[in-house]
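Novice: These are the residues of each chain, in order.
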Amino acid sequence: MGKGSRKKPKFSFNPTVAKLKVTKLQIAQREIDTCADLYFSFGDLVSMHLLISAAHEILMVFDKRFLKPGCFSITLNST
Amino acid sequence: MLFDHAEQYIEPELLEDFRSLIKTPSTGFRHGAKDLDAVVELPSKLTETLMLSAIEKYVEITKRPTPKMLLLRTWIMIHHHLLTPEGEQVLDAPAVRERFPAYDRDGFRKAFYPTCEKAARQYAAATAHGDHLREIWQQLFPKQTAGKGQ
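Here the protein sequences come in this chain order: C and S. Counting along the first sequence from 1, when you hit position 28 you're at 1434 in this note's numbering, and nothing is skipped either side. Counting along the second sequence from 1, when you hit position 141 you're at 387 in this note's numbering, and nothing is skipped either side.
The following block holds chain C by itself, in its conformation from the complex (with noise of 0.2 Å):
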């Protein structure tokens, strides 16, 4: 399916309930830094290394359309 085909979602969420608005670099930011509470807490490693991974795989996204490689799986990834 290509980008145009998505069809219209049948349900939207009630305009006028507050929204949290966060952009992608924030929310890489955000998981990195509870990451960073966990770690030093002690807490999950399971939940410490799903945190690290959706930032990871953020980050990489904008490593591959803005910078040069850098993340380690891109570098893999285009060999």
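Since the hints were made in silico from the structure, they are not lab data. Careful: at least some of the hints might be erroneous.
Quick list of the computed label-pair ranges, beta carbon to beta carbon [to be verified]: (1) S:A372 - C:S1418: 40 to 50 Å; (2) C:D1443 - S:K280: 25 to 35 Å; (3) S:P347 - C:N1420: 30 to 40 Å; (4) C:D1450 - S:D350: 12 to 22 Å; (5) S:L267 - C:N1420: 27 to 37 Å; (6) C:I1433 - S:L337: 37 to 47 Å.
Only pairs whose alpha carbons sit at most 25 Å apart, straight line, appear in this in silico BS3-like list of lysine-lysine [claimed, not checked]: (7) S:K280 - S:K364; (8) C:K1413 - C:K1427; (9) C:K1416 - C:K1427; (10) C:K1414 - C:K1425; (11) C:K1470 - S:K269; (12) C:K1414 - C:K1427; (13) C:K1470 - C:K1427; (14) S:K309 - C:K1427; (15) S:K269 - S:K291; (16) C:K1430 - S:K269; (17) C:K1413 - C:K1425; (18) S:K269 - S:K280; (19) S:K280 - C:K1430; (20) C:K1414 - C:K1430; (21) C:K1470 - S:K309.
The model shown is predicted, which means the values in this text are computed figures rather than measured ones. All C-beta atoms in this analysis are idealised placements derived from N, C-alpha and C, irrespective of residue type, glycine included.
Given the coordinates of chain C, assemble chain S onto it according to the supplied hints.
Specialist: Below, chain S alone, put in the same frame as chain C:
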């Protein structure tokens, strides 16, 4: 960046394994549709590796690390012996390792957080607010940002 150009550090025949090693645990932690009875293995130190990689990349993109990022990066680099000999000397890493052994992460946080806060402020002062990110947005989305933020 520490993990740039992985092929320089890993044998070509091992690159495939390396790639799957990185992605397998997080995929396993997330999904349950196919293999509900599977046991997911998380290799030791992989989480710390991803932490360092993500922090380095975040700093490269924004130039503005948070104090928590600096704290985490410092801890990992000291305790996983990732510093150069000069870095070990500058940070007095052996003494830090002795004073804050692996179990005393909380002590390390209390002792070093103020320094990391100060360093983060210096990073922020070194980059005019928003200028660097605006450049990124303009390169990523030239049409949407045309004429904005001049």
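Novice: Would you mind marking each hint as holding or not holding in the structure?
Specialist: Going through the hints against the structure:
1. With their beta carbons about 42 Å apart, A372 (chain S) and S1418 (chain C) fall inside the hinted range of 40 to 50 Å.
2. Judged by the Cβ atoms, the range 25 to 35 Å given for D1443 (chain C) and K280 (chain S) holds: they are separated by roughly 32 Å.
3. For the pair P347 (chain S) and N1420 (chain C), the supplied restraint of 30 to 40 Å is violated, since their beta-carbon distance comes to about 52 Å.
4. For the pair D1450 (chain C) and D350 (chain S), the supplied restraint of 12 to 22 Å holds, since their beta-carbon distance comes to about 20 Å.
5. Distance hint for L267 (chain S) and N1420 (chain C): a CB-CB separation of about 44 Å, inconsistent with the stated range 27 to 37 Å.
6. Separation of I1433 (chain C) from L337 (chain S) is about 31 Å and departs from the stated range, judged on CB atoms against 37 to 47 Å.
7. Taking the CA atoms of K280 (chain S) and K364 (chain S), the gap is about 48 Å. The hint is violated against a cut of 25 Å.
8. With a CA separation close to 23 Å, the supplied pair K1413 (chain C) and K1427 (chain C) stays within the 25 Å bound.
9. A threshold of 25 Å between alpha carbons decides the hint, and for K1416 (chain C) with K1427 (chain C) the separation of about 22 Å falls inside it, so the pair holds.
10. For the hint pairing K1414 (chain C) with K1425 (chain C), the CA-to-CA distance comes to about 20 Å; that is within 25 Å, so the pair holds.
11. Our distance criterion of 25 Å between C-alpha atoms is met by K1470 (chain C) and K269 (chain S), whose separation comes to about 17 Å.
12. Only pairs whose Cα atoms come within 25 Å are accepted, and K1414 (chain C) paired with K1427 (chain C) is accepted, the gap being roughly 21 Å.
13. The suggested pairing of K1470 (chain C) with K1427 (chain C) holds, with an alpha-carbon distance near 24 Å, which does not exceed 25 Å.
14. Restraint check for K309 (chain S) and K1427 (chain C): satisfied, since their Cα atoms lie roughly 22 Å apart, inside the 25 Å limit.
15. For the proposed pair K269 (chain S) and K291 (chain S), the alpha carbon gap of about 14 Å is at most 25 Å, so the pair holds.
16. For the proposed pair K1430 (chain C) and K269 (chain S), the alpha carbon gap of about 20 Å is at most 25 Å, so the pair holds.
17. At roughly 23 Å between alpha-carbon atoms, K1413 (chain C) and K1425 (chain C) fall within 25 Å of each other, so this suggested pair holds.
18. A distance of roughly 16 Å separates the Cα atoms of K269 (chain S) and K280 (chain S); the hinted pair therefore holds under the 25 Å criterion.
19. A hinted pair counts as satisfied when its Cα atoms are at most 25 Å apart, and K280 (chain S) with K1430 (chain C) does not qualify at roughly 29 Å.
20. The suggested pairing of K1414 (chain C) with K1430 (chain C) holds, with an alpha-carbon distance near 23 Å, which does not exceed 25 Å.
21. Between K1470 (chain C) and K309 (chain S) the CA atoms are separated by roughly 18 Å; this keeps the pair inside 25 Å, and the hint holds.
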